[in-house]
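Engineer: All chains should be modelled from the sequences, with the hints used to inform the complete structure.
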Amino acid sequence: MENDSLEYLKNLNDVSSDVMANYQQKMVKLPADLLELLLHSLNAQQVYWLGILSYFNEFSTPFWTSLNSFLTKEKEKIREVNMLETMHDYIELYKFNIQIAEKGAGPSILGLQDFHKSQTEKFMEAFIHFLFNIDGENIKDVSKSNAQTLNNLVQAFPQAIQDIKKEFGFHFDDGGYAKIAETDRFTLYQVFSRDKKIKVRKKAKPIMIVHPYVLGANILGFLPDEKKSYAHAFA
Numbered sequence: 374m375e376n377d378s379l380e381y382l383k384n385l386n387d388v389s390s391d392v393m394a395n396y397q398q399k400m401v402k403l404p405a406d407l408l409e410l411l412l413h414s415l416n417a418q419q420v421y422w423l424g425i426l427s428y429f430n431e432f433s434t435p436f437w438t439s440l441n442s443f444l445t446k447e448k449e450k451i452r453e454v455n456m457l458e459t460m461h462d463y464i465e466l467y468k469f470n471i472q473i474a475e476k477g478a479g480p481s482i483l484g485l486q487d488f489h490k491s492q493t494e495k496f497m498e499a500f501i502h503f504l505f506n507i508d509g510e511n512i513k514d515v516s517k518s519n520a521q522t523l524n525n526l527v528q529a530f531p532q533a534i535q536d537i538k539k540e541f542g543f544h545f546d547d548g549g550y551a552k553i554a555e556t557d558r559f560t561l562y563q564v565f566s567r568d569k570k571i572k573v574r575k576k577a578k579p580i581m582i583v584h585p586y587v588l589g590a591n592i593l594g595f596l597p598d599e600k601k602s603y604a605h606a607f608a
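Letter by letter, the sequence shown follows residues 374 to 608 in this note's numbering.
Computed beta-carbon distance windows for the label pairs: (1) 457 to 590: 34 to 42 Å; (2) 501 to 422: 27 to 35 Å; (3) 579 to 428: 30 to 38 Å; (4) 591 to 497: 37 to 45 Å; (5) 411 to 558: 46 to 54 Å; (6) 580 to 497: 51 to 59 Å; (7) 562 to 433: 23 to 31 Å; (8) 553 to 454: 24 to 32 Å; (9) 585 to 451: 26 to 34 Å.
Calculated lysine-lysine pairs in the DSS-like style (CA-CA distance at most 30 Å, straight line): (10) 552 to 569; (11) 468 to 448; (12) 476 to 490; (13) 538 to 569; (14) 490 to 513; (15) 539 to 552; (16) 446 to 468; (17) 601 to 578; (18) 569 to 539; (19) 450 to 552; (20) 601 to 538; (21) 576 to 600; (22) 552 to 575; (23) 539 to 600.
By construction, these hints were calculated from the structure, which means they are not laboratory data. Heads up, the beta-carbon is just placed ideally off N, CA and C, and yes, glycines get one too.
Structural biologist: Structure, rendered in structure tokens:
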């Protein structure tokens, strides 16, 4: 009986020693892990705001161009149209902009809610793994993954597009296009097929394609030489 008690105490002491040793090792690594976590988080925040400013700039540039054309036209219109009619048009334009904003903001807000909910759950699970040294993805891995994802989105992917700039999108000076018409707001080009065997049918009805405002024109001419261009598919 006494031997069993001694054996039990010995096993308990061994377990306690292992726990303490593991705890001490974890405490030694903790400052380094926290520092790595902090660096990944700071990098993610920096890249995030860099991306926000970059996208805002890309959106603002055509916006100010359009606004300038709008104001120029309104200066001419205000001398020719009744003031009450002009005010009515402005009110209708304001209502239309509000409707567009509501339709655009609703899905975006829901998407952000779902994203942050999933990220919070992932963060809490990783924090528990980190705190109790449980196998699995810990908070350090999550922060590193988030930083890498943001870096790919904001820097790596745009750089990849820059690397294939000569192949990506429209290049109206390469002989594959012809300028048909031009206004203060738009320039209309005819798109020719990359396949030299295909000839333009003079009697065919033309198709006019207007690119999405936010995405830009080049999304419609993704990679023409690889037959991945929407606009060239109709040429």
